[in-house]
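Protein chains: 2
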Amino acid sequence: MTNYNFSAGPGVLPTPVLTKIKNEFIKNEFTHMSIIEISHRSTQFEEIINSAEERLRDLMNISDDYGVAFIQGGGSTQFEMLPLNFANNKNRIAVLDSGNFASKAAQAAVNIGKQATILDSSKMDHYHHLPMLSTDFNADEYDYLHLTTNNTIEGATYHQSILPKTAGRLTADMSSNILAEPYDVNDFDAIFAGAQKNLGPAGVTVAIVKKDWLKEQSIENVGSMLRYQNYLDKHSMYNTPPVFSIYALNLVLEWVQEQGGVDSMYAQNIEKSSKLYDYLDNSTFYHALVDESARSLTNVVFTTADLERDQAIAKDATKEGLFNLSGHRSVGGFRASLYNAQPIEAVDALITFLKKAENNYK
Amino acid sequence: MTNYNFSAGPGVLPTPVLTKIKNEFIKNEFTHMSIIEISHRSTQFEEIINSAEERLRDLMNISDDYGVAFIQGGGSTQFEMLPLNFANNKNRIAVLDSGNFASKAAQAAVNIGKQATILDSSKMDHYHHLPMLSTDFNADEYDYLHLTTNNTIEGATYHQSILPKTAGRLTADMSSNILAEPYDVNDFDAIFAGAQKNLGPAGVTVAIVKKDWLKEQSIENVGSMLRYQNYLDKHSMYNTPPVFSIYALNLVLEWVQEQGGVDSMYAQNIEKSSKLYDYLDNSTFYHALVDESARSLTNVVFTTADLERDQAIAKDATKEGLFNLSGHRSVGGFRASLYNAQPIEAVDALITFLKKAENNYK
Numbered sequence: 008m009t010n011y012n013f014s015a016g017p018g019v020l021p022t023p024v025l026t027k028i029k030n031e032f033i034k035n036e037f038t039h040m041s042i043i044e045i046s047h048r049s050t051q052f053e054e055i056i057n058s059a060e061e062r063l064r065d066l067m068n069i070s071d072d073y074g075v076a077f078i079q080g081g082g083s084t085q086f087e088m089l090p091l092n093f094a095n096n097k098n099r100i101a102v103l104d105s106g107n108f109a110s111k112a113a114q115a116a117v118n119i120g121k122q123a124t125i126l127d128s129s130k131m132d133h134y135h136h137l138p139m140l141s142t143d144f145n146a147d148e149y150d151y152l153h154l155t156t157n158n159t160i161e162g163a164t165y166h167q168s169i170l171p172k173t174a175g176r177l178t179a180d181m182s183s184n185i186l187a188e189p190y191d192v193n194d195f196d197a198i199f200a201g202a203q204k205n206l207g208p209a210g211v212t213v214a215i216v217k218k219d220w221l222k223e224q225s226i227e228n229v230g231s232m233l234r235y236q237n238y239l240d241k242h243s244m245y246n247t248p249p250v251f252s253i254y255a256l257n258l259v260l261e262w263v264q265e266q267g268g269v270d271s272m273y274a275q276n277i278e279k280s281s282k283l284y285d286y287l288d289n290s291t292f293y294h295a296l297v298d299e300s301a302r303s304l305t306n307v308v309f310t311t312a313d314l315e316r317d318q319a320i321a322k323d324a325t326k327e328g329l330f331n332l333s334g335h336r337s338v339g340g341f342r343a344s345l346y347n348a349q350p351i352e353a354v355d356a357l358i359t360f361l362k363k364a365e366n367n368y369k
Numbered sequence: 008m009t010n011y012n013f014s015a016g017p018g019v020l021p022t023p024v025l026t027k028i029k030n031e032f033i034k035n036e037f038t039h040m041s042i043i044e045i046s047h048r049s050t051q052f053e054e055i056i057n058s059a060e061e062r063l064r065d066l067m068n069i070s071d072d073y074g075v076a077f078i079q080g081g082g083s084t085q086f087e088m089l090p091l092n093f094a095n096n097k098n099r100i101a102v103l104d105s106g107n108f109a110s111k112a113a114q115a116a117v118n119i120g121k122q123a124t125i126l127d128s129s130k131m132d133h134y135h136h137l138p139m140l141s142t143d144f145n146a147d148e149y150d151y152l153h154l155t156t157n158n159t160i161e162g163a164t165y166h167q168s169i170l171p172k173t174a175g176r177l178t179a180d181m182s183s184n185i186l187a188e189p190y191d192v193n194d195f196d197a198i199f200a201g202a203q204k205n206l207g208p209a210g211v212t213v214a215i216v217k218k219d220w221l222k223e224q225s226i227e228n229v230g231s232m233l234r235y236q237n238y239l240d241k242h243s244m245y246n247t248p249p250v251f252s253i254y255a256l257n258l259v260l261e262w263v264q265e266q267g268g269v270d271s272m273y274a275q276n277i278e279k280s281s282k283l284y285d286y287l288d289n290s291t292f293y294h295a296l297v298d299e300s301a302r303s304l305t306n307v308v309f310t311t312a313d314l315e316r317d318q319a320i321a322k323d324a325t326k327e328g329l330f331n332l333s334g335h336r337s338v339g340g341f342r343a344s345l346y347n348a349q350p351i352e353a354v355d356a357l358i359t360f361l362k363k364a365e366n367n368y369k
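Residue numbers (our numbering), protein chains in the order written: chain A, 8 to 369; chain B, 8 to 369.
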């Protein structure tokens, strides 16, 4: 029986990457030491971190106008770093509350002493549609607009085609759909993504920051570890970076390149998610919850409209090697995460199982 | 030829731990997925992080008066978190400037808007002796005294027997000698250590914090990711923790327990370092630099008093499988790091090599 891991993150990673890490983990005649024993100041690690940056720039077409940083602390630290670094003029940010993590980003800005205005929220609709900018939005009142491109828990996505247009600065949390579908980096002033969903193991977060915007800032009483400029100046090595996570991230990026890059991943992700959404839409037993135009390619959220039954079915699924299908503990139901490393066979196995479960529970 | 890694960190880790990580890295019938693919909310990871905390409490005799947190961002983030969390009354900390990292801790406090007073410094002496508290030190003027127990770069250590005695609060950076020699945790109000020297891979930092001290604090405009209380309340899982680093840390702690705990490590570290210091003291070619009473067990710093010659010898050493013997780039010379995982055979091989180098270069 093949097992499939539908976890929303940390989640499935490419098997060739796992095999490579295992095979080269112990010191040998070339490396002399394991990857977790090497100095971050070694030539070997310098090549790894430089390669990771180059690959990411290649995959996302990131121009020299942007700096790339590898930072610890996950998305939650980015929720704090963004306003600390960029909310220095109006001391106020605008947020489209499209889900739990957008809401957290607003709260984080408030926690560090800034103001956050929720422009629109789809919370009353359980985040099943996307909040949008009203025509009278005045970007001048805010330092930037914060967006969550993909809402990992609720399953709605601002795809590139439906990105809100602002005359001001735009920042995006791409944690759960970076490299899963194409975005034009030039539409954003800062982007970040925790690695553990689509890029690699937990422990490193990628930040892509527009250099000229950063240069404009006057930042006071903020420590070195929370200043993007410091990461750019020191090539993410102001202090010891998370060596293993960056090493594994580099291997995942290499794998994405070998697969044909983001366009190829996008085509596969459309195929995988469409297959599942089509099945759900044609079923009377299961219901995909999110507005069709905003459906996530990476986190497919659905339910039988009976949360207890959902739980029982997700439990049955583990017996058939289909793991982590339960929705986030805050919403229940099902969530099938179909990140880049998820093979189409996982979707096929899931659909086969869901049909069987329907017969058993209907 | 056996290779030995004398890196100051990330550095040598126990071979049985490396082997175990390699052997269980790929998903199998029990785990279903690799350690870097598992959810941090899984039972499997909960057991790992709980086990890591329990082992650390066991090894260091940490009482329930203290909370234990696993935090990202390394020691440099702790330099910021300590004053953000604890310098709220006088807004001023006291520092004994015993080396580069003590000095950085003082600067970090200033960067976030607090005051830092350097009580005494051994900088003029290249940090070859330890600065001490003067008899007229008034602890009431400061929120706490910051100490670096082991100075990784310069090689001087405040051993438990020569710890400064303060009537006030005491915090310690134990990054490079935690678990290498015994300390009485009850003498401190907060302790932290980046894992990558003596505990595991880079990417996680351990913090041990006195709960009642934390409860006294009124902390404003500090984000969730920089509040110790948040880590204690959420068992270090406010957001996704660095799963792999904590997993490997737990294995290293298990290994230390199997070796007989800190007392056993201490005995071995005395044996290893004494062997090397004795050789250096009996040599007219090499010179150990640090005051005898303050010599580090984990970072043995020495020189031939000719920095170019030192460099040439360190380069020769790599040809014989002895890696990373160069001193920190800020000081030059040699530094042999003898962390817990360093076998005595490494010291023997080093001494044999040093004798040969003396003949070649004298």
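Some hints here could point you the wrong way.
Note: identical chains are not told apart, hence a pair may lie in one copy or across any two.
Cross-link-like lysine to any residue pairs, in silico, SDA-like; alpha carbons within 25 angstroms at most [stated by the list, open to error]: (1) K172 x L239; (2) K97 x S290; (3) K282 x H242; (4) K282 x A146; (5) K362 x S70; (6) K282 x E31; (7) K322 x H335; (8) K282 x D313; (9) K111 x H39; (10) K322 x I33; (11) K326 x S49; (12) K34 x D355; (13) K326 x Q51; (14) K111 x I226; (15) K222 x D288; (16) K34 x D270; (17) K34 x T9; (18) K29 x I169; (19) K326 x F32; (20) K322 x Q51.
No lab work stands behind these hints: they were computed from the structure.
Taking the hints in turn, this is what the structure says about them:
1. K172 x L239: neither (28 angstroms within a copy, 41 angstroms between copies)
2. K97 x S290: So K97 and S290 fail the 25 angstroms test inside a copy (50 angstroms) and across (65 angstroms) alike.
3. K282 x H242: neither (42 angstroms within a copy, 39 angstroms between copies)
4. K282 x A146: For K282 and A146, the Cα distance exceeds 25 angstroms both inside one copy (39 angstroms) and across copies (68 angstroms).
5. K362 x S70: Intra 47 angstroms, inter 53 angstroms, cutoff 25 angstroms: neither.
6. K282 x E31: neither (37 angstroms within a copy, 34 angstroms between copies)
7. K322 x H335: This pair counts as within: shortest intra-copy Cα distance 14 angstroms, inter-copy 54 angstroms.
8. K282 x D313: Only inside one copy: K282 and D313 sit 23 angstroms apart there, 70 angstroms across copies, limit 25 angstroms.
9. K111 x H39: Neither, since 44 angstroms and 32 angstroms both go past 25 angstroms.
10. K322 x I33: Between. Shortest inter-copy distance 23 angstroms satisfies the 25 angstroms Cα cut-off; intra-copy 37 angstroms does not.
11. K326 x S49: between (46 angstroms within a copy, 16 angstroms between copies)
12. K34 x D355: between (40 angstroms within a copy, 21 angstroms between copies)
13. K326 x Q51: For K326 and Q51, the Cα distance is within 25 angstroms only across copies (17 angstroms; inside one copy 43 angstroms).
14. K111 x I226: both (23 angstroms within a copy, 19 angstroms between copies)
15. K222 x D288: neither (49 angstroms within a copy, 53 angstroms between copies)
16. K34 x D270: Neither, since 36 angstroms and 29 angstroms both go past 25 angstroms.
17. K34 x T9: Between copies only: 11 angstroms across chains, 31 angstroms inside a chain, cut-off 25 angstroms.
18. K29 x I169: Answer is neither: 41 angstroms inside a copy and 44 angstroms across each miss the 25 angstroms cutoff.
19. K326 x F32: between (32 angstroms within a copy, 22 angstroms between copies)
20. K322 x Q51: The answer is between: 16 angstroms across copies meets 25 angstroms, while 44 angstroms in one copy does not.
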